[in-house]
Amino acid sequence: MGRAAKFVASLLPLFLAGCATVQSTSNAHGPAAHSIARLSSALTITFVITILIMWALLAIALKKNRGSLKEHMPIDVGGGQAWVAIGGIAIPFLVLSVFFFLGLDLLTTFPIHGDHGAMNMGAAAAKSKPDILIIGHQWWWEVHYLGAANQQVITANEIHIPAHRPVNIELRSADVIHSFWVPSLHGKVDLIPGDVNFIRIEASQPGDYVGQCAEYCGSQHANMHILLVAQEPAAFNQWLANQARPGVEPTNPETMQGQQAFLDGPCTKCHTVRGTAAAGRFGPDLTHIGSRKEIGADSFPNNDGYLEGWITNAQSLKPGCKMPKITQYNGTQLRSLVAYLRQLQ
Numbered sequence: 007m008g009r010a011a012k013f014v015a016s017l018l019p020l021f022l023a024g025c026a027t028v029q030s031t032s033n034a035h036g037p038a039a040h041s042i043a044r045l046s047s048a049l050t051i052t053f054v055i056t057i058l059i060m061w062a063l064l065a066i067a068l069k070k071n072r073g074s075l076k077e078h079m080p081i082d083v084g085g086g087q088a089w090v091a092i093g094g095i096a097i098p099f100l101v102l103s104v105f106f107f108l109g110l111d112l113l114t115t116f117p118i119h120g121d122h123g124a125m126n127m128g129a130a131a132a133k134s135k136p137d138i139l140i141i142g143h144q145w146w147w148e149v150h151y152l153g154a155a156n157q158q159v160i161t162a163n164e165i166h167i168p169a170h171r172p173v174n175i176e177l178r179s180a181d182v183i184h185s186f187w188v189p190s191l192h193g194k195v196d197l198i199p200g201d202v203n204f205i206r207i208e209a210s211q212p213g214d215y216v217g218q219c220a221e222y223c224g225s226q227h228a229n230m231h232i233l234l235v236a237q238e239p240a241a242f243n244q245w246l247a248n249q250a251r252p253g254v255e256p257t258n259p260e261t262m263q264g265q266q267a268f269l270d271g272p273c274t275k276c277h278t279v280r281g282t283a284a285a286g287r288f289g290p291d292l293t294h295i296g297s298r299k300e301i302g303a304d305s306f307p308n309n310d311g312y313l314e315g316w317i318t319n320a321q322s323l324k325p326g327c328k329m330p331k332i333t334q335y336n337g338t339q340l341r342s343l344v345a346y347l348r349q350l351q
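Residue numbers (the numbering used here): 7 to 351.
One thing to keep in mind: the hints can contain errors.
Beta-carbon label-pair distances, calculated as ranges [stated by the list, open to error]:
#1 D214 - K328: 42 to 52 Å
#2 Y222 - G271: 49 to 59 Å
#3 A228 - L68: 20 to 30 Å
#4 A285 - L49: 16 to 26 Å
#5 I57 - L102: 11 to 21 Å
Computed list of lysine-lysine pairs in DSS-like fashion (alpha-carbon distance at most 27 Å, straight line) [said to hold, decoys possible]:
#6 K299 - K331
#7 K275 - K331
#8 K299 - K328
#9 K275 - K299
#10 K194 - K328
#11 K328 - K275
#12 K275 - K194
#13 K299 - K194
These aren't lab readings, by the way, just hints derived from the structure by calculation.
Each residue gets a CB set at the ideal place from its N, CA and C atoms; glycine is no exception.
With the hints as extra help, turn the sequences into a complete structure.
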């Protein structure tokens, strides 16, 4: 294998690193993501070709002289200007033109913000009302499922959609600029304070798709994750119907004690559990927190240990988050409170 081939082969692991992971533009599972992946693949091919050309030029430049100066004098072969025009102007112009029009075609799959909700998603989508409203906060996602029958469905961070059909999402920010990005399904779309953006997402198959805030938004930007769960339509409808119900009432002494600790403590100032007196809107809605896979904007598993740590000292897990340190619960109260939250399915 030649030096140039070995060099390119050494670069392949860098190109392929992460391609098989969930959070990767190369792991496409939706129409928009497939368009992005195709363009990325074409650009990667041109990059490899550029590397080969630069390697050849470098090899020629570093090659030791093996003859007299006369042997290395330029030779007039005729037609030099034509080759410069073809190789230096015509071919680059053609290649760049192809990528320019590929980019324009790709833009048709992306939404652009406009006055009062205009969407570049085709005429039908532009006239459609959003299915979901997502509000970016430092550093979590507030999720509203819209529609006459589902106005009370408010969740956080874990976003459920039906697979096999497009879902229109309205994007807003409650504080600073955020960027919504689930690379396996679509490109990045910014959430800008005082403005409204839109995105149309479609998952070609059920599954869990990991995303991220892609615009630096403060100290915990790296821990502002997204978990998008695509379900078969029947399963999604069942999930949505369950999310519309009030919080599950406790049925045993431990969870009853936990509910009382929740209602008597500071939790109600920031959080809502529908069906109880807790109606705080500053933090995530906890009506069905027990059904979520993760907590802390999908940064930690939703289990007893992490819930206890989050309640008592969230700053040790996510420094700078708005969740204050709570020290008023003893061990028994804390365990019962966690048991109550875990049963809010």
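We went through each hint and held it up to the structure:
no.	hint	result
1	D214 - K328: 42 to 52 Å	26 Å, violated
2	Y222 - G271: 49 to 59 Å	34 Å, violated
3	A228 - L68: 20 to 30 Å	42 Å, violated
4	A285 - L49: 16 to 26 Å	50 Å, violated
5	I57 - L102: 11 to 21 Å	18 Å, holds
6	K299 - K331	23 Å, holds
7	K275 - K331	14 Å, holds
8	K299 - K328	21 Å, holds
9	K275 - K299	24 Å, holds
10	K194 - K328	26 Å, holds
11	K328 - K275	13 Å, holds
12	K275 - K194	33 Å, violated
13	K299 - K194	24 Å, holds
In this structure, the hints that do not hold are numbers 1, 2, 3, 4 and 12, in rising order.
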